[in-house]
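J.: Here's the letter readout for the chains.
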Amino acid sequence: MIRNQRCRTGWWSVLAVAAILAAFVQPEALSGQGYPEWTPTAPGSPNIEVISHLPLGPRLGVADIELEQELSRPYAYVSRMQYGDDGPKGMDIIDLSDERNPEVIYRWRIENQELHQRTGGMDVKYFKMDDRYYVVQSVQFGQGGPNSDMGAVVLDVTGLPDASTVEEVARIYAPETPGGFHNIFIYKHSNGGTYLFTTVSGPGANVYDLRRVVEGDADNALVANVPVPESAEGTGATRGYHDFYLGWHPDTGTDRFYGGGTGGYYVYDVTDLDNPEILVTLTGINGVRYGHTFTPSPDGRYVVAETEYQFAPLRIFDLQPALDGEVTNVSRPISGWTADWQNLVHNHEIRWPYVFVSGYLDGLQVFTLMDPYKPTTVAYYQTYIGSPNVDRTPQFQGAFGVDVRNEDGLIVISDMSTGFWAFRMDGFQGWDGTNWGMPNVSSVQDWDADEMPSPERWKE
Amino acid sequence: MWTLLALLALGPAEERPAIAPVDLDATVFATCSAVAEPPAYYAISLVPTRQVVGTGRATGLAQMTFDRSPFGVELAADGSYRTTLAVEVAHLPSIDDHEFVAWATTPSIDRIARIGTLDEDGATTGPVEWNKFLVVITLEPVGYSEETSWSGPVILRGMSRSGRMHTMAGHGPFEQLECRTFGY
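So the protein lines, in turn, are chains A and R.
Going by my numbering, the first residue of the first sequence is number 40, and it counts up by one from there.
Going by my numbering, the first residue of the second sequence is number 2, and it counts up by one from there.
None of these hints come from the bench; they were simulated from the model.
Owing to the predicted nature of the structure, the values given are computational and were not obtained by experimental measurement.
By construction, the Cβ of each residue, glycine as well, lies at the ideal position given by its N, Cα and C atoms.
Hints should not be assumed to be uniformly reliable.
Stated by the list, open to error - If we take Cβ atoms under 7 Å as the criterion, some of the chain A residues that face chain R in the derived model are: (1) 151; (2) 153; (3) 182; (4) 183; (5) 184; (6) 185; (7) 261.
What the hints assert, rightly or not - Covered stretches of chain R (chain A as the covering partner; in silico rule of three or more C-beta atoms under 8 Å from a C-beta of chain A): (8) 78–87; (9) 108–116.
Isolated chain A, as found in the complex (with noise of 0.2 Å):
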């Protein structure tokens, strides 16, 4: 539907974001070249280092990105998919020993694969439980073929650089939504435990206890769904979510959920799972019929909106005014950003101030928002330098995933036809929020912490 949208609908999508920056943007508020300032001959701004590139396949063939964070696991997992004509359906996983050298040493690949439809591997994340570390491969399969109620499959990778060690622990099915999971979080509770949040073909994202998937009770691991709100995009089953993010809440000490989907973005209270509680929602934005990816800065007062349509830009809200209590609905971006306004932007990571983007056909993007009103481009670098798609969706090309080390500022990312890159920008060895005024939240959870950051850590 999104993807019809975004075909049928691109004078109109121009239209929106028109009207966003006439009407309820400051002149000065939107940033980005405008013109791609990269050429063939000179893909990256001066402080960009090519660390590694590793081709890994057929065109339209890699999806997202997950890199460990501990500088003695150097692996990163990319998803592969086939959105082309060709590639595997599956999951990669590539060492860093010698970063340099990048290697591919496993390569997990669903059974009969050729027989399996749509795209496969999407979206990866890794966690660590009990000092083993498990690998979570989203995957969607179309019916009429097997496997198009699998949402996902684990892997126990704790004895890496070892592929022969690696091994399948447990699949997750979702019968009642087939399609798979297109995207997935996961997100280390307060509560002690240890979730999966995934998308599903319905009105909500499901809740898994990943304890109870890797001892073995993977059939009665859903314990929570976080709702979709109806909304004026959608009501009844007609809803659904497109990605999230989970961070701990110092302020208020509450666990908080981040979800684009039907009608915009949703903040939650996921503190008790079995009554998530809505706290502000963005919706009747101009130009957002759909919410993509929905991050926000370490405190939680801004969010970085992705919608996913070719001329949208990323958006920039302030939820101050809702986290006081003054409305409960925000839906007027304070600024935008976009790396090519002709294009569209995808994924991101924030580092406060950074935001790490993979832009689709802009490559690696990395802007900050050290003036929120004022987003600047802060480097680049185009991993793919080609032409938009004329047998696929125009905009869906290049770099998909992009996920950062906090410990040396190591960042990958993953192109659906180049393959893996990872970057080092100057200036940036790591980071740690407290250097910059900043909770120590980002997507990166503490596996072995047995707190969560309080705002004296930060505040001091």
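Guided by the hints, dock chain R onto chain A, whose structure is given.
T.: Leaving out everything else, chain R in the frame of chain A:
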């Protein structure tokens, strides 16, 4: 009464339609049985997987013919249609000590039936008794006679027309989401 009889008697006998002898073969089977020609609607395109060098140019078609019975379409014991699958594949290379074998399998691959080994013209024919199924052409060692599953790489694949039908599970009644709702 007499008037009525007189009118009936005066009616022109030559305008009454003649009742022809019943030809069961021509009438009952023609109206109640499936046609013998494979319906184009149910033809299954076979797509190369390009898993083996030299097979990327292969093209193929599997045509379904619904088997006939005195009662119309023939059914298997479980109520599924009995069909005959005629597979034809072109542009396959000749690979030493190997041959191509056609299979049918249910969507979940829990049941597999061997259709047959492709002859020198790339053709074979065999029965299928499932409503939804996949057609698979694999490369096997010459003489591979296993009936329950393939062992070699999948060279071409295809999906029966009914396999395209999707359950609405996960959605409310009359509320349909397209397959690619969630984009990428």
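J.: Could you work out which of the previously given hints the structure breaks and list their numbers from low to high?
T.: When the structure is compared with the hints, numbers 7 and 8 turn out to be violated.
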